[in-house]
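Student: Chain by chain, the residues run as shown.
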Amino acid sequence: MKRASWFQTSHHDHAAVTWPPVLFLLAILTVFLSTVAQAQDLAVNTVYIASSGNPALDQHMTRLLEDALGDKAAVRPLTNGQTATPDDAPIVTIGPSAFSRVRQANRRAPLLAMLVERSFIKDYVARNPGQISAVYYDVPLELQALIGKAVLPHATKVAIIASTETAGLYEPVVDKLPAMGLQPRVFIVDTEQDLIPTLVRALSYGDFLLAGPDDRIYNPSTIKHILLTTYRRNRIVIGPSQAYVKAGSLASGYAPFPAMAKAAAEHLHHYFGSGELPAPDYPDQYSVEINSQVARSLNIPLPDKETLERELDQVWSQYEGSEK
Amino acid sequence: MGIACALGSSAAWPQEELPADFSEGFYGFSDAVPEVLTTTRLRQPKVRVPGTTTVIEGDMIRDLGIMSLVEIFRLVPGMVVAEVGSSTPVTTYHGTVHYEQRRMQVLVDGRTAHRATLSDMDWQTMPVPLELIERVEVARGPNSAAYGINAFLGTINIITRDPADTAGVEARVVRGSRQYIRTFGSVGDAGGNYDWRLAYEKRKFEGFDYQLERDPVTGEYGPYPFHDGHDINVFNYDSRLEIRPGINTELRAGVVDGVNEEDVFKNGELGATANPDIDVRDYYLQTRLNVSPSESHFFHIQASYENFDRRQRWPILIPSGVLTCLENGIDVFANEDECLRTDDEGNPPLSARVNADSEDSRLELEVQDTLIFNPDLKLVSGLGYRADTYRSETYFNGRGNNYQSRVFANLEYTPINWLTLNTGGNYERTTTTHEGYFSPRVAANFTLNDNHALRLVYSRAVRTPDGFEQDPDYGFTLRDVEPEIWAEYEGYRVESVDIWEHPELVTLGEELEEERITSREISYFGQFPIDQGSFQLEVRAFKDKLRDMISGVIQFDDWTLDNNVALDQKGFEVEAALQYPKTTLRATYGYLDQDGWYTGPADYDEEEKTYNVELLGRLSVRHSGSLAAIRELPLGFTLSGAMYWADELRASEFQRLDMRLAKSFYRSDFTGELALTMQHYIDEEPDLSSDNNIEDQNQFFVEAGIRF
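Heads up: the protein sequence lines correspond to chains A and B, in order.
Residue numbers for the first sequence, in full-length UniProt numbering: 1 to 324.
Residue numbers for the second sequence, in full-length UniProt numbering: 1 to 708.
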């Protein structure tokens, strides 16, 4: 991959010091002017935003990204029909459809995907390391499980339902939960007709249902049945995302937009510095959304916000520490 | 990595677009979330409920190895369970009843389960398999403000599992001591717009091992076989059809068929010579239209029809002297020496067949509307209508009807975050007394966050006499009369007015008034998140005044019912539950101090007065309680134990220890369970009645279940 132009400019100026004296002054002047230009270039490194199709969301994300980048880069929208960027400036795509659209239009563009889930982006990243990266939108399932444990401290068994194709999504967390004092069990749903019977069996096992970003299981047409069946069995659902909490899931972790923007800015700075995007990663800060109405309905005593936050922070730090 | 919490409301910015189908949020489809439903008909968390409500989850019922429906109520503070007659199960909250369980409203999925005109509960034939129980809610304390005139001491609401929650196939077989057999099977489907379930249960049990009676052949008094079992088959169909988002309809139907054995020593009038078993042929139909125009407004229209058809027939042998007394207008049982003998001509006794057949039906209509103005102001209101039809040659000499209509409402208002007020009432008219009654309830819940509430509750309720108490026409018609010399008695109706044992005490024909209760409650509910678990505590202190209570004898040869007893009762009850990893502990305790006195005719002798007061105290226990523990063990094993006791249950006490060990199997395409349950009766003495005898204090049950 080519370096950004201002790095290249800086490289050529360094070679000019061996020229004759007449030219030396010119060279000094050139170096001076070049330094000024470099400083100006620093201010105008450009990041392009590929629209999600939701203007309000795009504006919000653009503003946050501008704040996170500071004065070291400018953020501009990728115009309609624009397939390439000057000087290989990186493109930040908002949402999976924006990513796909830009990727199809220009397979060489450096892309930083935002608001995409790990499962969506991982194959692209594997094939194009350094060119494609992401700030994951989904929440680590280990964190979701810990949220379940914090809300329901006596929980020891975690029920998971997945299709044959999506069971792999839970493979890492299934291996890690026993160390957290939780015993997971995955119940496979093969057909749509099997969903509720399998869920009923899963709920007879687990203290709570851990829901991951699996659209085959959790989608608008299934979530109502899943939530109602779960609550009628006096069990709870953790995850899969903040939106589902509003719909009736008891709790979910989520990455706040500022945290995602901050992570994106760090990725972009890395790119500006090295010409390569770093490996995709989760943001370094999460929030927990809890549906206190559901908690009250199920007579689940929630600790106060500060206590829950402190406990989660502590166990998550311990978990991360143990992983390193 | 840092973590911050956002409790309650969503973040300022919508992090994610909501899927359109559930963008209305939680209340858009939360009809069946297990808040407490029973107390006011509003879905309320316990901190806002205007009264103490025990909720027993179906899973706990199954985990504790409870073997019959009525036994669930041993887990409810203040409730007592016993058997009367031929192992007929009875239960009540705060006593006052015995054979007939008249003073609690019992609902199954919102449908009245109480028998209509004979005002009784038949727990053995309830169309509710244990596997289908989602939870049982018991609103302790008068609840007429929500459910009308018979929710006098409390309300039991049995909520069965939604057909969507039982999709698939389930089967379970249980076998145990005293020929206990229970076989359950269900099949159903869910998803799409139509959820359904078809279920079958067979219950068979031999009852107690023996009674203490005089052997008719040898004349010796002692253990004698007890004919007190039952063999009941139940079929249920439950379904829910979603017509379009926000509108769905439920259809439920059920049939109960079988035999409830009655022992000739305990039942059967007029000299029964064989066991007067009851042939049960009940059915019900229920439909309900649920409409949710918005997340803040929903209503339902419900119609149900229930038919309780009982055929009870037995042969009799009447000494010829009885016929002479009947001809001469001499009260048979008041003059036993003269009547219960062979007549002066030495004629043979009359043999015939009689019956106590009865068929009573109930048609119920109900409209209930819920308005949620905002999270702090909610109103539920509705109208109800009920038509009871009774048909019995024996009890009513024909057929008749009673009608009830009512209007009810409850307003929940939270003016400030630490106070919730509930005001509710029910106005009802009934043709059994041709009067109208208003039953109010007001309550203030002082709350601390969502975890603690101190409640002050004041309520009043009435119970009106049922059709049989108020307007009986009791008599047995003789059929298949033999020998020939008594042919003139074919079709003759022997009426209770012909055979009184205590004619001077008979009150038949007197108009009974309603019973009244005024109840005051102070209760506390708290839930405490603790390290690795949670703890819940609910304490109820009560002080009740019961007036114009109907007491007396209700028998073929004795009818002394009257509004003749007053009761004052006070006490307290505790329910506590502790959950921590792999372990659930639960404890209940009830203390009841009941003081009664006679308020009927002053010229009755003291013994009669005392007797009438004591009749209401037969199931009033001073101390009762339960302890339960469920512990998950490695390898899929679960061990549970429960201890139940009821002290001062008449002259006896009940104590039993149950232990259950279960092993669960989770396979990719099925889940299975094997279990062994032991019931250990701690006391050798029979409880409540000297006839309730079990030979082995240890009773064993094995079960196997599978779910696909």
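Check the hints yourself; a few may be wrong.
As the list claims (entries may be wrong) - Straight-line C-alpha distance at most 30 Å; calculated DSSO-like pairs for lysine-lysine:
# : chain 1 : residue 1 : chain 2 : residue 2
1 : A       : K224      : B       : K582
2 : B       : K663      : A       : K157
3 : B       : K204      : A       : K157
These are computed hints drawn from the structure, not numbers from a lab.
Student: With reference to the structure, classify each hint as holding or not holding.
Tutor: Hints and how they fare:
A hinted pair counts as satisfied when its Cα atoms are at most 30 Å apart, and K224(A) with K582(B) qualifies at roughly 29 Å. Distance restraint check for K663(B) and K157(A): the Cα-Cα separation of roughly 16 Å lies within the 30 Å cut-off, and the hinted pair is therefore satisfied. Note on K204(B) and K157(A): the hinted pairing is violated, with a Cα-Cα distance of about 36 Å set against a maximum of 30 Å.
Violation of the numbered hints given earlier is confined to hint 3; every other hint is satisfied by the structure.
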